[in-house]
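> Put the two chains together into one complex; each comes in its own frame, and the hints tell you how they fit.
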Amino acid sequence: MEKNFKYIFWSVVAVLVILLFWWMFRDPTGKFAESLPGADNRGKDSIMAGPPVNIGEKFEFFGTTNTTLKGTWTRFRGADYDNIVKNSVPLKSSWSGNEPELKWSVDLGEGHAGPAIYEGKVYVMDYDEATRSDALRCFSLEDGKELWRRSYKVPLKRNHGMSRTVPAVTADYVLTIGPRCHVMCVKRETGDLVWGLDMVQKYQTEVPLWFTGQCPMIDGNKAILAPGGTSVMIAVDMATGKVLWETPNPGGIKMSHSSIMPWTFKGKKMYVYSAVGAVLAVSAEGPDEGKILWKSTAWNHAVVAPSPVCFPDGKIFLTAGYGAGSMMIKVSQAGSEYKVDVLKQYPPKDGMACEQQTPVVWEGMMYGIEPKDAGPLRNQLICVDPNDVNKVIWTSGKDGRFGLGPYLIADQKIFVLDDEGVLTMIKPDKNKYVQLAQKKLFDGVDAWGPMALADGFLMLRDSKKMYCVKVN
Amino acid sequence: MERRRFIRTSMQMALAVSLGGVAGYSVLSSTSRKMVWQIDPFKCVQCGRCATECVMTPSAVKCVHAYALCGYCDLCGGYLKPDPNARTTAAENQLCPTSAIKRKYIEEPYFEYEIDEALCIGCAKCVAGCTSFGNGSLHLQIRHNECKNCNECAIARVCPADAFQRVPYDTPYMIKGGFTKESAAKPTEKKG
Chain S
1 MEKNFKYIFW
11 SVVAVLVILL
21 FWWMFRDPTG
31 KFAESLPGAD
41 NRGKDSIMAG
51 PPVNIGEKFE
61 FFGTTNTTLK
71 GTWTRFRGAD
81 YDNIVKNSVP
91 LKSSWSGNEP
101 ELKWSVDLGE
111 GHAGPAIYEG
121 KVYVMDYDEA
131 TRSDALRCFS
141 LEDGKELWRR
151 SYKVPLKRNH
161 GMSRTVPAVT
171 ADYVLTIGPR
181 CHVMCVKRET
191 GDLVWGLDMV
201 QKYQTEVPLW
211 FTGQCPMIDG
221 NKAILAPGGT
231 SVMIAVDMAT
241 GKVLWETPNP
251 GGIKMSHSSI
261 MPWTFKGKKM
271 YVYSAVGAVL
281 AVSAEGPDEG
291 KILWKSTAWN
301 HAVVAPSPVC
311 FPDGKIFLTA
321 GYGAGSMMIK
331 VSQAGSEYKV
341 DVLKQYPPKD
351 GMACEQQTPV
361 VWEGMMYGIE
371 PKDAGPLRNQ
381 LICVDPNDVN
391 KVIWTSGKDG
401 RFGLGPYLIA
411 DQKIFVLDDE
421 GVLTMIKPDK
431 NKYVQLAQKK
441 LFDGVDAWGP
451 MALADGFLML
461 RDSKKMYCVK
471 VN
Chain B
1 MERRRFIRTS
11 MQMALAVSLG
21 GVAGYSVLSS
31 TSRKMVWQID
41 PFKCVQCGRC
51 ATECVMTPSA
61 VKCVHAYALC
71 GYCDLCGGYL
81 KPDPNARTTA
91 AENQLCPTSA
101 IKRKYIEEPY
111 FEYEIDEALC
121 IGCAKCVAGC
131 TSFGNGSLHL
141 QIRHNECKNC
151 NECAIARVCP
161 ADAFQRVPYD
171 TPYMIKGGFT
181 KESAAKPTEK
191 KG
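Residue numbers (the working numbering), protein chains in the order written: chain S, 1 to 472; chain B, 1 to 192.
Worth flagging that the hints you see were computed from the coordinates, not collected in a lab. Hints are supplied without guarantee of correctness; some may be wrong.
[Stated by the list, open to error] Which chain S residues face chain B? A few, computed with CB under 8 Å, are given here:
#1 Trp22
#2 Pro37
#3 Gly38
#4 Gly43
Yeah, the Cβ is synthetic: ideal placement off N, Cα and C, and Gly gets one too.
Same shape as in the complex, but just chain B (with noise of 0.2 Å):
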């Protein structure tokens, strides 16, 4: 009998005390913030490295576009190269290597700009344009749908400016806009 109640209260003690152990581990998991690689557009400097350090082929790291930022101008400096010979579409005229940034008349004297991130390299030719002689509204983030969020960041090793960081997975993205210099000044994990 004695033993029959032993056996009992062992099984309830080891019952309880993985019941417990689930519940905990669901708890510990649900609270801790899974964290991803995202690059602070203030810091940037456009080195070009985006495109040629990333295990993505092409890159996952893409132009994106802060539209509430952007100048809408025809003499845009992330569309068009320096001192263009003609504000057209002509491939000559055109800054992006991949003709990945789609220009479109709007009217006078304003033209909208799109990213195809299927054409985007991440070169960064663009951001620099935009950020020399515009209003910065072209910048780089990483697209996590095609980012794989490796422990290391190949891209963040050799980034000149410590512009990559880890964010919360919940908040993956710093466009530019919404995110500020101020809003950049707030401390976030570094990379390392």
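Extracted from the complex, chain S is given alone in its bound form (with noise of 0.2 Å):
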């Protein structure tokens, strides 16, 4: 009997040990299936492949029009890129009845290209949908008609539209960046083709998550345009498309959906550039014209749409959306050097932050819209002095929420639309939220694109159709 107990006894020992063996050396996570790159089995058929594409191949004419019209708004954020119309025809401060009037609409292509005016002449980067084309449309301000049509063939896939970029234009030219990265140039009056540059095929350009976001600058006589790849940035001759200086990129740094800004800090003039990767400045004259003065690392985020907010003391305010955030930067200058330190990062909750359009300021306060990931103030317009981006004086309230929509600053009035075509007009108080008037002007679906206003006549756009509203 107790034999066969010592048995027992040893025979639990051992299955006990071999079982703690087992419990020890086996690895709980055997079946695990590792998340690694490359399991989505992305394809190499790169967005950057394509049939070569003959800039500015195709010319259309429709007729012209006879205006006084004498108001423009030149570029993305207007002529003093700040968003802020000067010298506007003064505007109605309340609407009634079917104030504001809209006067006239188009359809266009699936985007959110946002036009320009000169003279009584609107200018807009469309995508022609039916011949798969880029198309620089020209429309009379008065009355929609449109007067000529510069286009060429680039086959692409709808990604949340195709069109994005806002033209620049002079009394001789307009410059505009395609969907694909392709810049063309063309007389303004006539259309008549300039020159064209494919940045994909000459400076190795990444094009952006849903197309080219970044609107052409015109200073003076050269294009200053920032394509990455192999030049951060690049000036082209107006007249003749010759390329005057390319910045190196050995950083690698990539196209943004931002737009070039330009900066005087301290008598040195600047092209401050928020792109994917980092933020820097570029020299835009003197001896060093095209080189790099200063950049950070320290901003880099991969998708990147609001442009800098650049101030007189040394200061820039970067931003951007999809969990970005917003950076606070300065800048200072010792001799020749130039040296870049963080004041403030913050998720976009703790403050000022936007995901599409640029913040605006106006005499010393910043407005903007916040992002979706804003918590409580997702999509509210709100107010912050420039030296505290985090305190919030004031919000438009849960009841005052814009989406993502465009805004811009004209007769001491802020215009606010709201994703689905809701014109909001507010006081730019520094003390609490003045709404002054608001209309549903009509059924809206994404209506991103950002405005342009000159005369008293109002340009908005959603995703198919831009629309003419008189608000003077």
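This is the structure in structure tokens:
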């Protein structure tokens, strides 16, 4: 009996020891599948690949217009890059009846490209879905009649719209960038082709997600562009298309949806660009023109749409959507060297932040619409002091949400368009939210394109149509 | 004789009443509608309680995908964590804590996203991402093959958005696309 007990005892001990070893040496994660790059089988048929494009190959003339209008909105964020209409005609301070009057509308290809205005003519970089072409279209501001169209074939697949950029216009030229980074310069009056540049072919530009969002800059007789790829920034002679300078890109900075902003700091003019990979400034004048003056990789996000907001004291406000939040940097100069310090960095719910549009600064205060991931502030218009961008002075409230829509200031009024076509007029008051008027103008879908305003005509668009509204 | 007739009549009446009762009960049963719990996706605020409050482990609440609404984006706010290092399937870029969303390349620039419900815990992280940065095609629904349909749903009791509702048994889902904000406005039986 005692012998049997010993057998049983040692058998149990042996089993327990075996179990202990099994438990100790077993890999509990053995059945786990690792999440490694490449499991989605991402294809190699890059969007960069495509047939050669003959930029500006086709011209169509439809008619002329007699106009006495002299107002202009010459580029993205206007002549002074601040989104403020200067010397506006007096605009109505309240709306009644059918005010503001919808004067005309026109169908566009799916996209978010805003127009520019020059002396009674509207210029918009459209995508013609029927012919699969980029198309610079010129309309009469007063009646919406199309005057001419300069286009070229570029096959695209819709990806939350196609067109996204605002042309730059001078008395002589119109400069455009198409969805796949094709740059085109034409004569403003006639639409005659001056030159074209394929930034993908020449600079190995990586076309941004959802296509190009960078709006071109004309500075004097130069086109200033930020291709990324092999050159972070370039200057092109407007009259000839000759490349004047190229800024090397050893850091591999990529094109973002942001646009280049001019800035003069301590007497030095520079071009500031919030790229994918870094924020930087390139000298705009003097013997070092085209050279990088300063760069900070502290600002590095996958998608950047808003443009930098530069202040005279050296501060630059940077913001982006998709969880990036905002950053305030301070540029300082010691001799010929520049230094960049990060003053603040915070998630969108903690202060001024924007996803698509760029905040506007008016009489010392900064106004902008919060992104959808800003918690209770989502999609609200807010006002902050640029010296303390985390302290929200006022908001438009939970009943004043405007989606991702655009806004500009004219005649001491903020005009805000929401995603669905509701236009709101607000007094830019430093202390409180003051709504002057509001009206649903159209059944809009994703009305995100930047606005333009001249001679009392406010240009709006949603993903499929452009609208002209009389606000004076 | 009178007594026999009385007994027979009584038996006939008892039988008739019984048959009538059974028939009536059957009719009532077939016309009264059974109700089950469901989440109104337009009210859901992605608080995360569905993952932690359900009596089932893992939760009977799962993410579902309304393919007709999806943008098939490369930079998917529901799949990738905000501001990802790269747009790849590497674990550090994924938002889902259990890797329950499978991403598949279709053609440039489109990607398809599929939910592995066996892995989904109903945390709504992907729903929040998709709602903030996308079309809101990812949303939560109670899966009735998992749900015990408790009389007093433990999640409904704590839902901060009052998104839990009882809906008819024969239309148990509120999938976006077919189910819209307008149809959400129609009255249904609320919780409690």
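> Decide, hint by hint, whether the structure agrees.
Each hint, compared with the structure:
1. Trp22: It is violated, given that the least Cβ distance between Trp22/S and chain B is near 26 Å, above 8 Å.
2. Pro37: holds, 4 Å
3. Gly38: holds, 7 Å
4. Gly43: holds, 5 Å
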